[in-house]
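Our numbering puts the first residue of the sequence shown at 1, with every later residue one more than the last.
One thing to keep in mind: the hints can contain errors.
Unchecked claim - For lysine-lysine, the following DSS-like pairs were computed, each having C-alpha atoms within a straight-line distance of at most 30 Å: (1) LYS105 with LYS187; (2) LYS187 with LYS203; (3) LYS203 with LYS70; (4) LYS117 with LYS203; (5) LYS117 with LYS105; (6) LYS105 with LYS203; (7) LYS117 with LYS70; (8) LYS187 with LYS117; (9) LYS187 with LYS70.
Said to hold, decoys possible - Here are the computed distance ranges between Cβ atoms for each label pair: (10) PRO228 with ALA262: 18 to 26 Å; (11) ALA254 with THR131: 24 to 32 Å; (12) GLN161 with GLU71: 32 to 40 Å; (13) ARG162 with HIS223: 17 to 25 Å.
Read the hints as simulated data drawn from the structure, not as lab findings. Computed from a prediction, not measured in an experiment: that's the story for all the values here. C-beta: ideal position from N, C-alpha, C; glycine also.
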Amino acid sequence: MPDPQDPARSDAVAEPPTATVAPPGQARPVPAPPALAVRRLDDQLGRPLRDLRISVTDRCNFRCVYCMPKEVFGRDHAFLPRTELLTFEEITRVARVAVAHGVEKIRLTGGEPLLRKDLHLLIGSLGGLRTPQGAVPDVALTTNGSLLARTAPALRAAGLQRVTVSLDSLDDATFMAMNDVAYPVAKVLDGIDAAQRAGLAVKVNMVVKRGHNDHDIVPMARHFQGTPVILRFIEYMDVGATNGWRMDEVVPSAEVLARIGAELPVEQVPANYRGETSTRWRYRDGSGEIGMISSVTGAFCHSCSRARVSTDGKLFTCLFATSGHDLRTMIRTGCTDDALAETMAGIWRQRTDRYSEERGRSVRTPPAPGERVEMSYIGG
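Whenever a hint applies, use it, and build me the whole structure from the sequences.
So, in structure tokens, the structure goes:
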């Protein structure tokens, strides 16, 4: 297992040898946009493509029990060879085509994305993209926070605007039990502070699992109340096959909200945009905002506008998908941007995914364990 006190040294992922490395602190040049016919892409249920989540590594220095349990992702686990990872140039190319098709938000995920060496260079490249209307796509990052204290300034200088930090408890014993590598809460909080000092907007995601950390719901709310940080509570999901998900371990958002509201009165506020995953609530005394992501009890498939690209270049149209579409082979065998754009468009237009809604109505049988795609591979 990696050393939890210095995760960067033990698990950093080098850029594949085919990549062109720019001088430190500088973004790679972004090629001119392809001459693509720009048109809104709707799937079979009328959902537009607006968000792209890209996993830049399948590695992580944590072994969270709901994502990468140690008994499965142990010392002998075979992660993807570095040559199979999309290079930064390949990622930028896929993102450029997606932006031409209407994507407005790009989120870098993992694994732990900050284990990918020189990630700020990729952020700089993505920041050079433009939507058909000339706007800069919103580029964000999800991280466990362990490397933020040392990387936040470079990320911000490269153009990153927002970061989401996964933090499941403020209690060391609980947090260490959930990350399963004895990583202390204080170092994640240091990373959050460093991100704010660097000028990054910060959200914190707490996955709530009954019997594990649900006693920390109100303490987490109190800790971030009165700060610029937006805390969001996520229902424990049945992603992948290794986390042993059970419905009785899900704490419904309604229960989370009731626990908080009993001590810290809140009121609902409108969504920022159509398709937002989180319902928004603010403290009635004006001291901040929280969010509820009800992915189990209040599935939002009907408005889902997100596509995902795995570490090795497969396009997935749902977090709960059982298979993806290989873009890397197309790219590495010399396809044109037009061909790549048409392939991506065709995949999205055929999309019918609504797993969580069907599971919630008991009209969908969950995939067999061997068919599920793990969150560490596809990104959250």
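We went through each hint and held it up to the structure:
1. LYS105 with LYS187: At roughly 29 Å apart (the allowed maximum being 30 Å), LYS187 and LYS105 satisfy the hint.
2. LYS187 with LYS203: holds, 16 Å
3. LYS203 with LYS70: holds, 27 Å
4. LYS117 with LYS203: Since the Cα atoms of LYS117 and LYS203 sit roughly 23 Å apart, the hinted pair holds (cutoff 30 Å).
5. LYS117 with LYS105: Given that 30 Å is the threshold and the Cα spacing comes to 22 Å, the pair holds.
6. LYS105 with LYS203: Holds. LYS105 to LYS203 sits at ~16 Å (cutoff 30 Å).
7. LYS117 with LYS70: Cα-Cα ~24 Å, so holds.
8. LYS187 with LYS117: holds, 20 Å
9. LYS187 with LYS70: holds, 21 Å
10. PRO228 with ALA262: 18 to 26 Å: holds, 25 Å
11. ALA254 with THR131: 24 to 32 Å: This hint is violated: roughly 37 Å between Cβ atoms.
12. GLN161 with GLU71: 32 to 40 Å: With Cβ atoms ~38 Å apart, the hint holds.
13. ARG162 with HIS223: 17 to 25 Å: holds, 20 Å
Taken one by one, the earlier hints fail for this structure only at number 11.
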